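Asks: From first to last, the protein sequence lines stand for chains V and U.
The numbers in my numbering rise by one with no breaks, and the one at position 121 of the first sequence is 323.
The numbers in my numbering rise by one with no breaks, and the one at position 276 of the second sequence is 478.
Since the hints were made in silico from the structure, they are not lab data.
Hints should not be assumed to be uniformly reliable.
[Unchecked claim] Computed list of lysine-lysine pairs in DSSO-like fashion (alpha-carbon distance at most 30 Å, straight line):
#, chain 1, residue 1, chain 2, residue 2
1, V, Lys293, V, Lys325
2, U, Lys325, V, Lys472
3, V, Lys215, U, Lys472
4, V, Lys215, U, Lys204
5, V, Lys215, U, Lys461
6, U, Lys461, V, Lys461
7, V, Lys461, U, Lys325
8, V, Lys215, U, Lys291
[Claimed, not checked] Not everything, but these chain V residues come out facing chain U in the computed CB check (under 10 Å):
#, residue
9, Gln216
10, Leu218
11, Leu348
[Claimed, not checked] Covered by chain V, according to a simulated footprint, are these stretches of chain U (three or more residues, beta-carbon under 8 Å):
#, stretch
12, 203-216
13, 225-235
14, 241-249
This one's a predicted model, so the numbers in the text were calculated from it and none came from an experiment.
Ideal Cβ placement from N, Cα and C applies to all residues, glycine included.
This is what each chain is made of:
Protein chains: 2
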Amino acid sequence: MKTYLDCYPCFMKQSLSAARRAGASEELQQEILLNVMDELQSLPLSITPPEMAFKIHKSVRQKTHNSDPYKQAKDQATQEALTLYPELKNKLGTASDPLEIAVRIAIAGNIIDLGVNDSYDIKANLNRVLTQSFAISDLPALRKQLEECSSILYLADNAGETVFDRILIEQFNKPVTYVVKAGSIINDATHEDAVAAGIDQVAEIIDNGSQAPGTLFEQCSESFLQRFQQAELIIAKGQANYESLSERPAPIFFLLQAKCNVIARDLGIKETDIVLKQQLKE
Amino acid sequence: MKTYLDCYPCFMKQSLSAARRAGASEELQQEILLNVMDELQSLPLSITPPEMAFKIHKSVRQKTHNSDPYKQAKDQATQEALTLYPELKNKLGTASDPLEIAVRIAIAGNIIDLGVNDSYDIKANLNRVLTQSFAISDLPALRKQLEECSSILYLADNAGETVFDRILIEQFNKPVTYVVKAGSIINDATHEDAVAAGIDQVAEIIDNGSQAPGTLFEQCSESFLQRFQQAELIIAKGQANYESLSERPAPIFFLLQAKCNVIARDLGIKETDIVLKQQLKE
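Turn these sequences into a full structure, and let the hints guide you.
Replies: Take a look at the structure:
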């Protein structure tokens, strides 16, 4: 997905938020915003939003000398999600279609995205996502693929969301490889964040070799790319994975909430809509 | 009030919205945004948000060759507000404190602000503002001043909001001068917009000589400035009037909704809070 003009103000908001989280002074915050405007003026709209975000957040980290401005927010999100885990597992126990509920739970967790908004209400969002209609739902196709595949490659999104992913993974009853980022970028999950969510108990954790949001092939490691190309079934969580993979033929199911009007427009849906969308191999 | 760093992304959103309303092509929209970034990089934060908005929207109008991008939105807002007028007048007829209800109605109308957000729900907002507590309320002082003054200077904000202002003006039973902008700026009311709302039936309409949001003294006409300096009681509607007059000693009552976190922070209140705030002469 290309970058839209609406992404410009959003990147400005994101950088300001990152700069503040990194403890930057007012002067440094302003310097960072002026620099982001230089970057936005020099980058072509043809690149994807995750590519832009990669460059912008890298420069914020460098200017603030803070390698992980979202560390505290990530830890808090994981802790909050873990307190919800027992209750959510109970819900599955009584569900008539546990897979659908687990998919909804994993999508609900996708609200924990500090790239799009600066805060979220996970409980209110859970209540909504557990009952609202899917704007796009390829659940029958996912069910079929899950039966046929021998393993699953799961592209993670944010820390905290990881706990909700775990619930879905526990539903699969198939070997899962959980792919995190190789370094800190916004509140995306790293190896450490995945372990804190207990993912190591239910899946193999690997990183994609990249410190960008989503999955930017040109930054990913050879070993990850090999796994991707050989995967029978890929679960891709969140907006950035959609933005970076929407034009790549592969056996992907995108699970996300449309958290801004740009992605909503691209998918032909409305903001706050939820999506389980199949992408084909060719 | 000075401009905050949070205003930068907001100005970008505003210019994109204005460019689209003016019918600009994708290419021109991008050119406009790149140009706005140049402007933001060159303007000092010490100037007020209305001063920034003045420069930015002027350049959008010039680049799009459209002198009034918000014309259609303004006409629609006025028409929608006029359909609500009879019902709102009925509310006043049965109110135990008609002045308070009229103040609330005028503040509710302030949601019609296309500078901050790109859309609004006037009915939902009316229901909220008619019952929510004031974050700041100097109603007793306003009541006293209204009794003592011989006339009122009323600084308008947006088209459509004008209809709600009319309801408050009809409650005053004092001569009112209604001050609009001398030219189109965002969806601020001009003479034509005020007449469409029926303000000419309840007040004298003048303009302030300026085509900026709020009240920028250095742009205002001598005749308006004289009226301002001699005014016994000034009603100033909306964020931009607060932003441009909050540090000017004058017998002002600010009536507004806090529609963004910048003004909320400046006033020490929360977003969506409503305010009736007295400013003193000295």
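Asks: Can the hint on V:Leu348 be confirmed by a CB-to-CB distance to chain U that is less than 10 Å?
Replies: Where the cut-off is 10 Å and the nearest Cβ of chain U is about 41 Å from V:Leu348, the hint is violated.
Asks: Next pair to validate is V:Lys461 with U:Lys325; report whether the Cα-Cα distance is within 30 Å.
Replies: holds, 25 Å
Asks: Do the alpha carbons of V:Lys215 and U:Lys461 lie within 30 Å of each other, as the hint requires?
Replies: Within the cut-off at roughly 17 Å; holds.
Asks: Measure nothing beyond the straight line between the CA atoms of V:Lys215 and U:Lys204; if it is 30 Å or shorter, mark the hint as holding.
Replies: Holds, at roughly 18 Å.
Asks: Quick check on the hint: V:Gln216 CB to chain U CB, less than 10 Å?
Replies: holds, 9 Å
Asks: Under a C-beta cut-off of less than 8 Å, do 3 or more residues of the stretch 203-216 of chain U approach chain V closely enough to confirm the stated coverage?
Replies: Held - the stretch 203-216 of chain U has 7 residues with a Cβ nearer than 8 Å to chain V, which meets the minimum of three.
Asks: Against chain V, does the stretch 241-249 of chain U show at least 3 residues with beta-carbon separation below 8 Å?
Replies: With 3 residues closer than 8 Å to chain V, the stretch 241-249 of chain U meets the three-residue bar; holds.
Asks: Measure nothing beyond the straight line between the CA atoms of V:Lys215 and U:Lys472; if it is 30 Å or shorter, mark the hint as holding.
Replies: holds, 19 Å
Asks: Take the C-alpha atoms of U:Lys325 and V:Lys472, compute the straight-line distance between them, and say whether it is at most 30 Å.
Replies: Between U:Lys325 and V:Lys472 the Cα gap is close to 22 Å, so the pair holds against 30 Å.
Asks: Please verify the coverage claim for the stretch 225-235 of chain U: does it have three or more residues whose C-beta sits within 8 Å of some C-beta in chain V?
Replies: holds (count 4)
Asks: Within a Cα-Cα threshold of 30 Å, do V:Lys215 and U:Lys291 meet the stated pairing?
Replies: Distance of about 42 Å is beyond 30 Å: violated.
Asks: Need the status of pair V:Lys293, V:Lys325: alpha-carbon distance at most 30 Å?
Replies: Holds, at roughly 14 Å.
The earlier numbered hints that this structure contradicts are 8 and 11.
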